[in-house]
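These two chains come separately, so use the hints to put the complex back together.
The primary structure of each chain is shown beneath.
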Amino acid sequence: MSQPGIKDPDLNSLLSILNDELKELVSKIYADKTEKVIYIEVAKERIMDLAKKLFYLGFDHVKSVSAVDYPREKRLELMVHVGSYLRVVRKYTIVIKSSLDRDNPRVPTLTSVWPSAEFHERETWEMFGVYFENHPDLRRLLLPEEFEGKWPMRKDFRIVTRKAGEAEAPWK
Amino acid sequence: MEVAGSQDITQELSKEMFRAVETGIKEEGERLIELQIGPAHPGSGHMRILAWVDGDVVVRCDPDIGFVHRTIEKLSENRAYIKTIPLVERPSLLDTTPMTIGYVNAVEKLMGVDVPPRAKYLRTILAEITRIASHFYGIGILAIFLGHSTGFMWAFGDREVMIELATMLTGARITYAYAIPGGVRRDMPQSFPDAVEKGLRYIEKRLKDWEKIFLNNPVVERRLRDVGILKPNVARMLGVTGPNVRASGIDYDVRMVEPYEAYDEIDFMIPVAEEGDSYARGLIRFKEIEQSINIIRQAIKKIPDGEIISPQISRLFNPLMKKIYAEQRRVKLPSLMATLKPPKGEAMARVEAGRGEALFHVVSDGSTNPYRFRFVTPSFRNVILFKYLIPGHRVADIPAIYGSLDYFPPEADR
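Protein chains in written order, with the working numbering: chain G, 1 to 172; chain D, 1001 to 1414.
Okay, chain D solo, but in the shape it has when bound (with noise of 0.2 Å):
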């Protein structure tokens, strides 16, 4: 195996990584002025940034989180496999789906269970639901942080639509904890891929309105060009992932990398920009969204019949279970499933959330509760770009950068 170029990557890349900061420190004696953003800031969330300014400019930025931070990963070891479901999900309220779907992947390798391939391509369709209103979100959040409320507005409304088709499917809003492990808790219903297909050319009508309305938007252009470069080199340095390291010519891709669910049989592209700004972050979100629409469509075209939960947990199921199962195809979690107990060992399965690469490692005892459970958010990764991306920037920025990071406290404080 050869690694192009490896061997010279450290010294290039810390003298490029902390040139920034090293750039804003000013010589003994000028005063610099600590500014605190946040934590009841309308706009930052649910976290602090503390600047140091030197007149408009960030000299030294820290990212102060912890805010909303709910012990997920202490909690779900005093409870049952089946009850840290929902757990995963409340962390990352807009993109709940790909962290169940983890989670429930990793217990599955432990647990030796195999997923129907119907059950497969539902989880697929409903990851890629959410990850347009994922994105949605985040656009609307940065319209916001530039002043730009119609933007703000109109990705809420977008967002909407995705949530209806999530409801169809799921039959909750945000919280859905569809996939359980050995496939999902309901069925398609019927006139579902007739209301998919409206839904999503509503939204590709709307994308075009988008790129008028935002995208070649002289203010957005001129608030997020070339503010905020994020270089490749230092974006592997810095672990980044998701549409920010995608940002910065990185095609890394989980969905690519390490295809789970039905992403394997599905055609579909990785959308990567090279310059590395906050302007290029956006774009790479309506990108992205178009891709989603691609998959969706595919995963509906190619969806094959059959059973939506595994014969190996269906067998466990009483005749009332049963009969639910056969008339409404709708999953009734077996009783013995409240005390599952996986074989001892461990471990580990990442899927592709909309803010990036999530990672799971459930360590397990032989018990009914997991012994240790890793749970890594994309936004937790990405929470060090506060810290270098910021400083050199003037203080009318950051917003502009946070907006274009797409960060979302709740999601990495856990």
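One chain only, chain G, in its complex shape (with noise of 0.2 Å):
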């Protein structure tokens, strides 16, 4: 919890501080125009880092893990949310965007640092194929056991309807 007297921070003086504490670390900070929320771009390889200081900033959960298809620039954009419970950060979202090898996608994992990913990262790893190292218990947590067929939140899963009275599923 925060202490008083503490002032909060406004998104400039909050955009200074990240960009002192990461300038090493990643591509791009910016704000978008409802200046609440914040994007960071990073390397992959950066991640964790990344991860540890914002951490330690005082961004201490994540609300959502999640990846973005661009088919045509054969790439992955690995998107997470992560955000604050202590009173001075706690209006600003961060988002970190990853651009990941879309036949390979293959990143750290965040639950080290952030427990709150382990579900995020399960849902993402089923939906997306993101291959999440290290992770815990990387299974899958929304999609049958019995379904087949590869990464159904990519742009190019095919979506196959059953017609009535058909019994077999037609993706089997």
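Bear in mind the hints are in silico, worked out from the structure with no lab data behind them.
A few of these clues could be false.
[Stated by the list, open to error] Only pairs whose alpha carbons sit at most 20 Å apart, straight line, appear in this in silico SDA-like list of lysine to any residue:
#	chain 1	residue 1	chain 2	residue 2
1	D	K1344	D	T1071
2	G	K44	G	H135
3	G	K33	D	A1396
4	D	K1074	G	R162
5	G	K155	D	Y1371
6	G	K155	D	N1078
7	G	K52	D	N1233
8	G	K163	D	T1071
9	G	K155	D	N1369
10	D	K1074	G	K52
11	G	K97	D	V1363
12	G	K36	D	P1304
13	G	K155	D	D1264
14	D	K1074	G	K36
15	D	K1074	G	H135
16	G	K97	D	N1078
17	G	K155	D	H1069
18	G	K150	D	H1069
19	G	K36	D	D1264
20	G	K155	D	L1075
21	D	K1083	G	I159
22	G	K91	D	Y1260
23	D	K1344	G	V95
[As the list claims (entries may be wrong)] From the structure, some residues in chain G lie toward chain D, with a derived Cβ separation under 8 Å:
#	residue
24	L15
25	N19
26	L22
27	V37
28	I38
29	H61
30	K63
31	K91
32	S116
33	N134
[Stated by the list, open to error] A short list of chain G residues far from chain D (calculated; beta carbon distances all over 10 Å):
#	residue
34	D101
35	G129
36	Y131
37	E133
38	P144
39	K150
40	P152
Don't be surprised by glycine CBs; every beta carbon is placed ideally from N, CA and C.
Pasting the structure below:
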């Protein structure tokens, strides 16, 4: 919890703090026009260092781990929303973005810094095929056990529907 | 910026967090029984809880979710922007308005549309009405899990009052799709303020009865007190949200943290409890109902006159729509909205739904469908609690903890 007497940082001072702390790690820091969301672009090798730094700056939990598929550019973009319960910074959300190779997306797990990422990473694994190295329990979460086919949330996943009266599921 | 004490949090927390799990683990060779609760259990809803028990004590717990997974995120990629509005309220049927508000807020940010103040107030009123309804539902489920069938019936009866009020405002019982980009679909009828006051007075009277029958009931207290204690530091580590985190002494509420709609003009409190046990989680929901009543009263009093749809949208109306809007204060979406193409970019919005913080992130590539829509519901963020909160408790405590978390499987599965 925050200490009384500490003034909430406004966006500019928070951005300058982030710029000072992270300038060697990340490629880009910018805020969107609502001034509540800060985007940080980082190479995937540096993502653990960035996570530790952000944790010590007070961003103590993950709100979402997810990805965006860009098949034409042959990349998956990892998208992590990080927030805080601390009064000083809790009105800001940080969105970490990192480009991954679409053919073999691997990234170190964030659960060692933020345990709250556990179930989100499981979802991103089954939906996008992003492999989180050293994740404690990387299994399917939402998809049924008998589901076949790869990475349903990617853009090239073919959606097939079952017609009424059709006994067998067409994806089998 | 100084963040006090965050340096020592890591070690201290991870120790504390895994203590329950560690103390439960037995020596090798001792037998654990795997217990499957659900998915057809009348209480567990559409999920399965896998519990490994030693005698009567749960050693390990694994929530198996996804039985009602509806691929909302994938579906929205194949739908026009406005068709996703009724889609986002489907997972969270008890608590629909905050979800539509969040999605619509994100789309409005993308489009750069402003919402007139009257529409903001109307959205706030409906969001609070559904919050009361949602909390009563949660209390009812908690009551029936404890074998308190009167509480179950009462809660569903009281929820009905709120649903009737929402019906009066929107014309639908559960799925309102009330918020649309730029405003709301209907203005409130003239008799609405009186009906609301009557309904709220009834709920206030009922809250006193609830205290007698439920909160001060010795059986309920014995079942809930000191069961499933969630320590503040663990709650922070696990990213828990909503009434569950506020029952653990953290005053985190998006309505306060990042006010949306009309919440910054309304004076209200965020109830916080320190104990973090199941009883505190139940109690917080009653306190929040009181605050929601307070918010609705203020909003009804303060609501300004004026438009309910942004001029940026209403200038697209054809003459018939203009006539309907002028005479009946009802908005029909202009046909141009069906092929709405927000500019390239991305926007994020978050709202406080009944169960906690919901997050909406829309990525637009300039076409008629969202390129990517990330939708995180509060129940999905709370599901991790099953894994870390239940071990160390007896099997008979599982329903009490489950009920107190107000976990709603369809909302988590999306």
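Status of each hint after checking the structure:
{"no.": "1", "hint": "D:K1344 - D:T1071", "result": "violated, 24 Å"}
{"no.": "2", "hint": "G:K44 - G:H135", "result": "holds, 16 Å"}
{"no.": "3", "hint": "G:K33 - D:A1396", "result": "violated, 51 Å"}
{"no.": "4", "hint": "D:K1074 - G:R162", "result": "holds, 17 Å"}
{"no.": "5", "hint": "G:K155 - D:Y1371", "result": "holds, 9 Å"}
{"no.": "6", "hint": "G:K155 - D:N1078", "result": "holds, 11 Å"}
{"no.": "7", "hint": "G:K52 - D:N1233", "result": "holds, 17 Å"}
{"no.": "8", "hint": "G:K163 - D:T1071", "result": "holds, 18 Å"}
{"no.": "9", "hint": "G:K155 - D:N1369", "result": "holds, 13 Å"}
{"no.": "10", "hint": "D:K1074 - G:K52", "result": "violated, 32 Å"}
{"no.": "11", "hint": "G:K97 - D:V1363", "result": "holds, 13 Å"}
{"no.": "12", "hint": "G:K36 - D:P1304", "result": "violated, 27 Å"}
{"no.": "13", "hint": "G:K155 - D:D1264", "result": "violated, 40 Å"}
{"no.": "14", "hint": "D:K1074 - G:K36", "result": "violated, 27 Å"}
{"no.": "15", "hint": "D:K1074 - G:H135", "result": "violated, 25 Å"}
{"no.": "16", "hint": "G:K97 - D:N1078", "result": "violated, 24 Å"}
{"no.": "17", "hint": "G:K155 - D:H1069", "result": "holds, 19 Å"}
{"no.": "18", "hint": "G:K150 - D:H1069", "result": "holds, 17 Å"}
{"no.": "19", "hint": "G:K36 - D:D1264", "result": "holds, 15 Å"}
{"no.": "20", "hint": "G:K155 - D:L1075", "result": "holds, 12 Å"}
{"no.": "21", "hint": "D:K1083 - G:I159", "result": "holds, 19 Å"}
{"no.": "22", "hint": "G:K91 - D:Y1260", "result": "holds, 12 Å"}
{"no.": "23", "hint": "D:K1344 - G:V95", "result": "holds, 18 Å"}
{"no.": "24", "hint": "L15", "result": "violated, 11 Å"}
{"no.": "25", "hint": "N19", "result": "violated, 13 Å"}
{"no.": "26", "hint": "L22", "result": "violated, 13 Å"}
{"no.": "27", "hint": "V37", "result": "holds, 5 Å"}
{"no.": "28", "hint": "I38", "result": "violated, 11 Å"}
{"no.": "29", "hint": "H61", "result": "holds, 4 Å"}
{"no.": "30", "hint": "K63", "result": "holds, 5 Å"}
{"no.": "31", "hint": "K91", "result": "holds, 5 Å"}
{"no.": "32", "hint": "S116", "result": "holds, 3 Å"}
{"no.": "33", "hint": "N134", "result": "violated, 15 Å"}
{"no.": "34", "hint": "D101", "result": "holds, 19 Å"}
{"no.": "35", "hint": "G129", "result": "holds, 15 Å"}
{"no.": "36", "hint": "Y131", "result": "holds, 20 Å"}
{"no.": "37", "hint": "E133", "result": "holds, 19 Å"}
{"no.": "38", "hint": "P144", "result": "violated, 7 Å"}
{"no.": "39", "hint": "K150", "result": "holds, 14 Å"}
{"no.": "40", "hint": "P152", "result": "violated, 6 Å"}
Hints 1, 3, 10, 12, 13, 14, 15, 16, 24, 25, 26, 28, 33, 38, 40 from the list above are not met by this structure, while the remaining hints are.
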